[in-house]
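Line by line, the protein sequences are chains A and B.
So the first sequence is numbered by the UniProt record's numbering: it starts at 1 and just counts up by one.
So the second sequence is numbered by the UniProt record's numbering: it starts at 1 and just counts up by one.
If you're looking for bench data, these hints aren't it; they were derived computationally from the structure.
These numbers were taken from a predicted model, which means no experiment stands behind them.
Glycine included, each C-beta is placed from N, C-alpha and C at the ideal position.
Heads up, a few of these hints could be off.
[As the list claims (entries may be wrong)] Pairs of lysine to aspartate or glutamate residues, derived as EDC-like cross-links and limited to a Cα-Cα distance of at most 16 Å, are as follows:
{"no.": "1", "chain 1": "A", "residue 1": "Lys86", "chain 2": "B", "residue 2": "Glu360"}
{"no.": "2", "chain 1": "B", "residue 1": "Lys64", "chain 2": "A", "residue 2": "Asp88"}
{"no.": "3", "chain 1": "B", "residue 1": "Lys46", "chain 2": "B", "residue 2": "Asp75"}
{"no.": "4", "chain 1": "B", "residue 1": "Lys299", "chain 2": "A", "residue 2": "Asp88"}
{"no.": "5", "chain 1": "B", "residue 1": "Lys64", "chain 2": "B", "residue 2": "Glu355"}
{"no.": "6", "chain 1": "B", "residue 1": "Lys224", "chain 2": "B", "residue 2": "Asp318"}
{"no.": "7", "chain 1": "B", "residue 1": "Lys173", "chain 2": "B", "residue 2": "Asp278"}
{"no.": "8", "chain 1": "B", "residue 1": "Lys431", "chain 2": "B", "residue 2": "Asp278"}
{"no.": "9", "chain 1": "B", "residue 1": "Lys274", "chain 2": "A", "residue 2": "Asp244"}
{"no.": "10", "chain 1": "B", "residue 1": "Lys64", "chain 2": "A", "residue 2": "Asp244"}
{"no.": "11", "chain 1": "B", "residue 1": "Lys237", "chain 2": "B", "residue 2": "Asp402"}
{"no.": "12", "chain 1": "B", "residue 1": "Lys299", "chain 2": "A", "residue 2": "Glu203"}
{"no.": "13", "chain 1": "B", "residue 1": "Lys333", "chain 2": "B", "residue 2": "Glu45"}
[Unchecked claim] If you want a taste of the chain B side facing chain A, the calculated C-beta under 7 Å gives, among others:
{"no.": "14", "residue": "Trp58"}
{"no.": "15", "residue": "Thr83"}
{"no.": "16", "residue": "Ala100"}
{"no.": "17", "residue": "Gly267"}
{"no.": "18", "residue": "Pro270"}
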Amino acid sequence: MSLLTDTAGAHAPAPASEKTSRGPRESRLSVVVATGFLAVIAVYMLLPVFWLVVSATKTQGDLVDTFGLWFSDFHLIDNLRALFTKQDGVFLPWLFNSLLYAGAGAAVGTLLSAMAGYALAKYRFRGREFLFSVVLGGVLVPATALALPLFLLFAKVGATNTFWAVFLPSIVSPFGVYLSRIFAAASVPDELLEAARIDGSGELRTFFTMAVRLMSPAMVTIFLFQFVVIWNNFLLPLVMLQDDRLYPVTLGLFTWQSQVSRDPSLQILSLTGSLVSVVPIVITFLVLQRYWKAGLAAGAVKS
Amino acid sequence: MSLRTQRPVFRRALVALAALPLLATAACGGSDSGDSASGGQGSCEKSEGKVELTYWSWIPGVEKAVAEWNRQNPDIQVSVKSTPNGNAGTYQNMSNALKAGNAPDLGQIEYDSLASFRLQEGLTDIAACAGVKEAEGDFVKWTWSQVTFGSGGEDGVWAVPQDTGPMALFYRKDLFEKHGISVPTTWEEYYQAAKKLKEADPKAYMTHFSQTDPNWFSGLLWQKGANMFGQEGDAWKVDVDSPAAGEVADYWQKMIDEKLVATDLQGFSPALYKAWNDGEVATWVSAAWGYSTIRDNAKATSGKWGVAPMPQWSAGDDKAGNWGGSTTAVLGKSEHPHEAAKFALWLNTDPKALEILNREGGLYPAAVKGLDLPALQQPVDFYGGQKIFDVFADASKNVTTDWTFGPTMTDTYRFMGDGIAGALGGKGTLKDALAQTDTKTVDSLEKQSLEVAK
Numbered sequence: 001m002s003l004l005t006d007t008a009g010a011h012a013p014a015p016a017s018e019k020t021s022r023g024p025r026e027s028r029l030s031v032v033v034a035t036g037f038l039a040v041i042a043v044y045m046l047l048p049v050f051w052l053v054v055s056a057t058k059t060q061g062d063l064v065d066t067f068g069l070w071f072s073d074f075h076l077i078d079n080l081r082a083l084f085t086k087q088d089g090v091f092l093p094w095l096f097n098s099l100l101y102a103g104a105g106a107a108v109g110t111l112l113s114a115m116a117g118y119a120l121a122k123y124r125f126r127g128r129e130f131l132f133s134v135v136l137g138g139v140l141v142p143a144t145a146l147a148l149p150l151f152l153l154f155a156k157v158g159a160t161n162t163f164w165a166v167f168l169p170s171i172v173s174p175f176g177v178y179l180s181r182i183f184a185a186a187s188v189p190d191e192l193l194e195a196a197r198i199d200g201s202g203e204l205r206t207f208f209t210m211a212v213r214l215m216s217p218a219m220v221t222i223f224l225f226q227f228v229v230i231w232n233n234f235l236l237p238l239v240m241l242q243d244d245r246l247y248p249v250t251l252g253l254f255t256w257q258s259q260v261s262r263d264p265s266l267q268i269l270s271l272t273g274s275l276v277s278v279v280p281i282v283i284t285f286l287v288l289q290r291y292w293k294a295g296l297a298a299g300a301v302k303s
Numbered sequence: 001m002s003l004r005t006q007r008p009v010f011r012r013a014l015v016a017l018a019a020l021p022l023l024a025t026a027a028c029g030g031s032d033s034g035d036s037a038s039g040g041q042g043s044c045e046k047s048e049g050k051v052e053l054t055y056w057s058w059i060p061g062v063e064k065a066v067a068e069w070n071r072q073n074p075d076i077q078v079s080v081k082s083t084p085n086g087n088a089g090t091y092q093n094m095s096n097a098l099k100a101g102n103a104p105d106l107g108q109i110e111y112d113s114l115a116s117f118r119l120q121e122g123l124t125d126i127a128a129c130a131g132v133k134e135a136e137g138d139f140v141k142w143t144w145s146q147v148t149f150g151s152g153g154e155d156g157v158w159a160v161p162q163d164t165g166p167m168a169l170f171y172r173k174d175l176f177e178k179h180g181i182s183v184p185t186t187w188e189e190y191y192q193a194a195k196k197l198k199e200a201d202p203k204a205y206m207t208h209f210s211q212t213d214p215n216w217f218s219g220l221l222w223q224k225g226a227n228m229f230g231q232e233g234d235a236w237k238v239d240v241d242s243p244a245a246g247e248v249a250d251y252w253q254k255m256i257d258e259k260l261v262a263t264d265l266q267g268f269s270p271a272l273y274k275a276w277n278d279g280e281v282a283t284w285v286s287a288a289w290g291y292s293t294i295r296d297n298a299k300a301t302s303g304k305w306g307v308a309p310m311p312q313w314s315a316g317d318d319k320a321g322n323w324g325g326s327t328t329a330v331l332g333k334s335e336h337p338h339e340a341a342k343f344a345l346w347l348n349t350d351p352k353a354l355e356i357l358n359r360e361g362g363l364y365p366a367a368v369k370g371l372d373l374p375a376l377q378q379p380v381d382f383y384g385g386q387k388i389f390d391v392f393a394d395a396s397k398n399v400t401t402d403w404t405f406g407p408t409m410t411d412t413y414r415f416m417g418d419g420i421a422g423a424l425g426g427k428g429t430l431k432d433a434l435a436q437t438d439t440k441t442v443d444s445l446e447k448q449s450l451e452v453a454k
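The shape of chain B in the complex, shown without the other chains (with noise of 0.2 Å):
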């Protein structure tokens, strides 16, 4: 038992000493970046013969667009493994192979675990690999962003997009229309339909306020955009109970004192799909890929659902969250980056396969290209015939490019929800929770001996 409890602080420590000789070159870097800091650029040769690649996902029915591709170059040929979800086991896997060093060529990495397995010298920089500068404009801004960590490639290229999960509002179109609300643009207007809603339907919210989703809180932040981390220099700058957040945290502080939420439905729990079928639920802010977690799970409730643009902070913005979505990474010690960067590329940005991803595997793509597939244009009858993935669309393009997830996202995510718990049972308040997480995440990092500027 106490081993086992164990595991994870050495696998901390296994993380921190990994990231010792990172620190180092990336200091030396530091002055000059227009080279990259591992020393990437100029290595991304071709390899000579047939290549196998190894490709760990979890994207239901990846096989599919991978075995279309293995048909199309018969001298790359890649296999896949289906995975548990990355937090389910896969990423500690990944870690423990690249510690014993038969880790796969090319893994699933969700966004906010990218700085974390860059740490652990988990990725190979892949910006000298042919076409990957290239790609920058296929995808959609904030994605490359996120896989350049915000150097826009002048500090490497460490994965290629693959999904997103732009937010929007889902809502249902019947309530609002029986009790007279109009459909809320700005959070103000969302909080005031909140009340009409209580006054019309004691027993019914607006939304549930899940302690279990962290990164939908996020999510929400990241549209205010309350920036947790940044970078200066080498050191982690922590700010997740910034004034900015504080507004975001006090504003859904208010409507769980007025009970205006539900507080005692979890995220993804048949409670909550109760409580979607029984109406008691009125909205749910949500990603891209939250259209089918309802449509599979409040079905009787076909037809009744529209989606609109996330509400704003000032009216007239149009600006959106990101909640999920992961990238394609050449994980660290491939023997083969040229190609297997060719093949992340190819998966993420060929329409055929990102038509099979969407079709098989639900999702909703990082390239720009891919928001005009056949399927994202479609009316959706669960949605009585919205073209819903428009509002997705232009949500993905409103996602703000200057958000930074730490090296620690696990961490901190476990002290939010710890932190939101707390507050959803009377114990504190949101902006506690976002003060508490704040303390704990420098802890962490300090533990893990990276610089965290004051």
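The following block holds chain A by itself, in its conformation from the complex (with noise of 0.2 Å):
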């Protein structure tokens, strides 16, 4: 006791580090606790996942013979080679049709949502605000709701069963022109625009040199999120086509999972491609995440 009242007496600034430590000890509680949540959130999403993976590596006896979630003997490269010869090695061309897909589609589609945004949000014309509620009720029409009067629309010009049924409902995306609006708004000064027009920039070299630049952590939010959604995007492709060589790879890996019962290989081979398939999306969130995290943090600090 007294060497402790010895040591607070002799130095003078120790009451207060013993102040400043005392408030990271009090939440060091808080920390542990915050963290253990975060780690049980984390197994919780990951698990998932790790059987996925560990599964992947199995035959189709160990998948319902072994434990699920710690690996037996690794097959993960049998796997991988039958997966990638199947049908003639079909699983390829489903890899690169998704890309196509998800990739072209989602770049058109943020290019004319940037577009129809920085419209909504700059120009002032009769009707914008009508055109901006018609737009924002698209968003809360389902996908899976349009997926039949898109296909009798496209049967009806003779477009089904091509890469263009797909593509083209995809480059639309109604959160995109919302998003864009919101961004365009807060981020394009008035002010920037008149100084581009005062020195003769026509309206398109505006935006594709200026509004393109400002609103960039927009669009890449725009992107990766119209980038899942197509890629995930099932129903539609299952309505419009039958050619097993314009399938994305979700439609395929479910073929595949529906014909089991006559098949009982194609299970695994579907678990295996399921795992293959998820590889593009996380590649594309790596490289694209430090945009992302700088375009949010920019939206919040914007003066």
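Now that you have both chains on their own, put them together as the hints suggest.
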């Protein structure tokens, strides 16, 4: 005790440091609780992914026979080989199709959304709010409800079972337009546009040289969002496509899974295929996430 | 959301609309049934020049058989699209395509969905096409009765039989031997065997009763001759809760009540496969195609299974049920029915095609000749070297021919599945499930403006 009081008296800043260290010590409990909570959530989220990784390394027999969350004999290479050679190697085109639908679809969709959102935010014209309300209404209509009407429309022009039948509906994103308008209103100053006009820049040039750069964080967000939406879109390709060379990977794997009762080996291939199909999404996120973070911050501290 | 849930209703309305003209023509044709109801007779002419056909199917590896056809027939080129399983979306897509007028020339349709497609005018009567009527003897009897809707071809031929699922009893030889149980030949013996198994090993079940396979249960009714549907002129007769069906329901209710069957294992689920591997489920009354389901999912039990004919309701009988199987149909509005029918016949009778479909897709052929495929004569290692397909070949010939599927089987199966789930959960009995299915099916037929015989 005396030693403690001695120390306390001898060093003037000690109480202060004690006070500051008490702060963190108090919060250490909450840090532990918070971290623990987050860890539980993380395990909860990652467990299915882990199961997928483990399952993809098993044979069909081991899949049902051994403990689901741990490895048995390692057959990932065999499974991958079977996956990429099944049905004359149709899996690779599926993967490529998905990349094309999602990559090109999201790129074009993002550009269209940005242009529409910019126009709604920066130009004054009659019916602007009405148009925006219609777009907002579009956010509420689920894509599944539109699949059958779209099919009948495309059938009328003889375009079902083509690349365009999935691509064209994919580039429409009401949510993207909404986000673009909000972001354009906040991040593209009117003064800047006036300055550009005074300097003689055309509207199109102003948009592509200035607005696009200012809006780029929002555009990355829209791109990622749209990429994932198109990648996961299932019903539209199911309704539109019958040619298995045009299938995206989701529909292809579903087709295999639905044939399992006739060819049980398709089950393990569906699993391995699911694992492989996650990889491009993960890569896209890893590459683009820093822009995304920058974007969120930029939006938050905008003055 | 609400739009989405309305879609089936919307579709049903369209189906009902499509049904009206069909009923009208059927009414005209009813008086002299020698003339085809749809006027298909005589209209099956050969097309000029090179023909290209499209075909939707979900048989794994079907493209290899089609490639063989294309090699042999440069003037009739078929392009096959590998689609998801019929009930997983392809039937809906076919209906959509029929409405939109861009349906394929040929499609895979299971026996239990033929009536519903015929109702939507989704099928072409190919009776007049060269070689079709003559092909009757090439197929196992009951399959021809399915594609002609019991008319023997008088009322048109609406598809070509492709594969079948004749049922038999898969059982664990080793467990039966261990507990001194002999292979049951009647359902009464099956029940006694189940009791004996339970006494010897309280953890073991005779079989599993799945709530997700109503078509399995209808296979059991099929064997009993408990016809769920019939046709009286233009009217449908719904007889799901017939006395014969009631007997089957009572029997399985007894098995459920005495806990002789597992009620918490669903068909084709990992839990079931695990139970097979662990020896907790000793038998499965299943179709010919089921042999690969056990083989590939219960590897630990290799050599321990045997196959015996389905148990009988009266000793000395040799009746079998059928579970699954499909046809190749020429869809409505095909411009080349002659060529399409020719391809469909080849695909399902040519020895080479049958061999490919059996090897790649595990199809058990509907063609009589197909039962003699070399692959179906071989002893199967997984089943201890038993020639299991001999059992199924006999079963196939013993499937009764007077079974009729209703025009709304998807609905009927759903009602039955709901009822079975209730019975397994202790709410009501299987007999209640049949009664419910009966009433609801009558409702669903009447909603489609179909005449129901009282």
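inquiry  = Tell me the hint numbers this structure goes against, listed in increasing order.
reply    = 4, 8, 9, 12 and 17
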